[in-house]
Amino acid sequence: MDNIISIRDITYTYPESGSPAIDHLSLDVKSNEWLSIVGKNGSGKSTLTKLIDGLIEADSGTIEIDGQIINEDNIWEARKKIGIIFQNPDHQFVGATVEDDVAFGLENQGVPRPEMVEEVNHALDMVDMLPYKTRDPQSLSGGQKQRVAIAGVLATKPQIIIMDESTSMLDPKGRKTVLDLVKRLRDEQDMTIISITHDIEETQLSERIVIIDDGKVVKDGLPEVIYDLGSELTKFGLEEPFSSKLAQSLRTDFKLPEGFLNEEELVNSIWKLSSKM
Amino acid sequence: MNKLILGRYLPGDSLIYKLDPRGKFLITFYFIGIVFLANNVLSYGFLLLFVLFAVYLSKINLGFFLKGLRPMFWLILFTVLLQMFFTPSNDPLWSFGILTLSKEGMIISAYIFVRFVLIIFVSTLLTLTTTPIEISDSIESILKPLKAIKFPVTQVALMLSIALRFVPLLIDETTKIMDAQRARGVDFGEGGLIKRIKSFVPILIPLFVSSFSIAYDLAIAMESRGYKDGEGRSKYRILKWEKRDTVAAIVMILITIILLMIRSY
Chain L
24 MDNIISIRDI TYTYPESGSP AIDHLSLDVK SNEWLSIVGK NGSGKSTLTK LIDGLIEADS
84 GTIEIDGQII NEDNIWEARK KIGIIFQNPD HQFVGATVED DVAFGLENQG VPRPEMVEEV
144 NHALDMVDML PYKTRDPQSL SGGQKQRVAI AGVLATKPQI IIMDESTSML DPKGRKTVLD
204 LVKRLRDEQD MTIISITHDI EETQLSERIV IIDDGKVVKD GLPEVIYDLG SELTKFGLEE
264 PFSSKLAQSL RTDFKLPEGF LNEEELVNSI WKLSSKM
Chain G
1491 MNKLILGRYL PGDSLIYKLD PRGKFLITFY FIGIVFLANN VLSYGFLLLF VLFAVYLSKI
1551 NLGFFLKGLR PMFWLILFTV LLQMFFTPSN DPLWSFGILT LSKEGMIISA YIFVRFVLII
1611 FVSTLLTLTT TPIEISDSIE SILKPLKAIK FPVTQVALML SIALRFVPLL IDETTKIMDA
1671 QRARGVDFGE GGLIKRIKSF VPILIPLFVS SFSIAYDLAI AMESRGYKDG EGRSKYRILK
1731 WEKRDTVAAI VMILITIILL MIRSY
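Top line first, the protein sequences correspond to chains L and G.
Following this note's numbering, the numbering of the first sequence begins with 24 at its first residue and continues without gaps.
Following this note's numbering, the numbering of the second sequence begins with 1491 at its first residue and continues without gaps.
Fair warning: there could be bad hints in the mix.
Only some residues are given here: those of chain G computed to face chain L with a beta carbon under 7 Å [to be verified]:
1) Ile1623
2) Pro1658
3) Ile1704
4) Asp1707
5) Leu1708
6) Ile1710
7) Ala1711
8) Met1712
9) Ser1714
10) Gly1716
11) Tyr1717
12) Gly1722
13) Arg1723
14) Ser1724
15) Tyr1726
The list that follows gives simulated cross-link-like pairs (lysine-lysine, DSS-like), each with its CA atoms no further than 30 Å apart [to be verified]:
16) G/Lys1685 <-> G/Lys1666
17) G/Lys1725 <-> L/Lys73
18) G/Lys1718 <-> L/Lys104
19) G/Lys1666 <-> L/Lys199
20) G/Lys1666 <-> L/Lys63
21) L/Lys156 <-> G/Lys1549
22) L/Lys206 <-> L/Lys156
23) L/Lys180 <-> L/Lys104
Honestly, the hints are just simulated from the structure, not real lab data.
Owing to the predicted nature of the structure, the values given are computational and were not obtained by experimental measurement.
Even glycine gets a Cβ: it sits at the ideal position worked out from N, Cα and C.
Build the full structure now, drawing on both the sequences and the hints.
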């Protein structure tokens, strides 16, 4: 698979801060990959999102998107390939109704109206929000708002979707619907997903996890490998996954297989133990 | 805040709602203009009947319009009383010092009262039947000719629609901040004037800070969705001028003609 994003040795320091938010960071993202970027608050995750989308400019280093190094001339082209869903659904609505908001990205691209109407309906249908088309975004629940935001991103057909802590303000049910939706979309539309979060439980759908701390990549690996770090995760301000904590406390009394067990594996091994007794 | 009827939108589905907002907007202003053509009982009666008919067509309860009068009550009372007692007359019914009460004065104050009611009813009708976003759309298309003198019409329109979009959000924010400050013991609406003004500081400062941070987030979100400078954008919302809008315009012309005929010179 090709790299859709490759970041080479970028550094970024906020004007008002002394230490760099991103410190000589390099990262490759493969096409159609689901990558999770985790790290504690202030580790530079959101800054990285803004750098990738060219919303802020790196002090040094290069970012390549779909084979093109981004600079001031091609940033708008690159931005068309990236859709970002932000943390607070309330602050990313531009339109006064759901359909207006979904159409905003298309309006910016100068898409003619008949095409827009079709795209908007299609995008809203994909996220199952078509009946809410004419509603005021303010009257929707948090999960519904994020679905509308996803529709807005989908309407412009990006290759990459970045979720910048998009589920952190949702309740468990809203979170689940949004994550399931993104998973379904990726399978159907062949998109690359970068999910940024500080909750390790949210990385379970991903294929690769990158931990960043102090603006640097400190761990990069398959989920099993990362989850197996166990208590080492707390060093980076992260919590251990629930199944790993449970397995840990069971291991003192019972003989469970070594290595990381996800929920299903844990359930199976507990069943095995109980049938042996 | 929910007491204020003026400027509020009431969802509905009658004929008046379906009219093109641009037409409604212009007609409202035009109507306010021609109200000043009326100068006798017949012409005022005619306009009043017309407005009541429009209210009837909107299928909105008359009570909402009467509530719309409420914030203007003191102004109306003040103007009417002033006219009633300070109109000079050769044949006063009653006079005391500079105060005179005469038949002419009473008629003029009745006219002024009707004039107030007409203007307030018509503007309430506009805001009750037109969503804020429709109003901002019509302002945009009415301002469009100003593009010729390099007036940034698209930007102003976007600014208006964002401002309108944020009114409910900021009201929510204000209520939340007020509750949070109440939970910490701030007492709103108590004590003397100075104390009351001071108690607004803990609302205003967080509100300012949060509106700036919302603005920043929104700007980032807009830019990431490809917003450059408003030029070269297409429009999703379109306004359609239909037969009924032409009819409404013709009705206004007829009203002007009738008014010119029945007014006294």
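The hints, checked one at a time:
no. : hint                    : in the structure
1   : Ile1623                 : holds, 4 Å
2   : Pro1658                 : holds, 5 Å
3   : Ile1704                 : holds, 5 Å
4   : Asp1707                 : holds, 4 Å
5   : Leu1708                 : holds, 6 Å
6   : Ile1710                 : holds, 6 Å
7   : Ala1711                 : holds, 4 Å
8   : Met1712                 : holds, 6 Å
9   : Ser1714                 : holds, 5 Å
10  : Gly1716                 : holds, 4 Å
11  : Tyr1717                 : holds, 5 Å
12  : Gly1722                 : holds, 5 Å
13  : Arg1723                 : holds, 5 Å
14  : Ser1724                 : holds, 5 Å
15  : Tyr1726                 : holds, 4 Å
16  : G/Lys1685 <-> G/Lys1666 : holds, 21 Å
17  : G/Lys1725 <-> L/Lys73   : holds, 27 Å
18  : G/Lys1718 <-> L/Lys104  : holds, 16 Å
19  : G/Lys1666 <-> L/Lys199  : holds, 27 Å
20  : G/Lys1666 <-> L/Lys63   : holds, 28 Å
21  : L/Lys156 <-> G/Lys1549  : holds, 25 Å
22  : L/Lys206 <-> L/Lys156   : holds, 23 Å
23  : L/Lys180 <-> L/Lys104   : holds, 8 Å
Against the hints set out earlier in the document, no violation occurs for any number.
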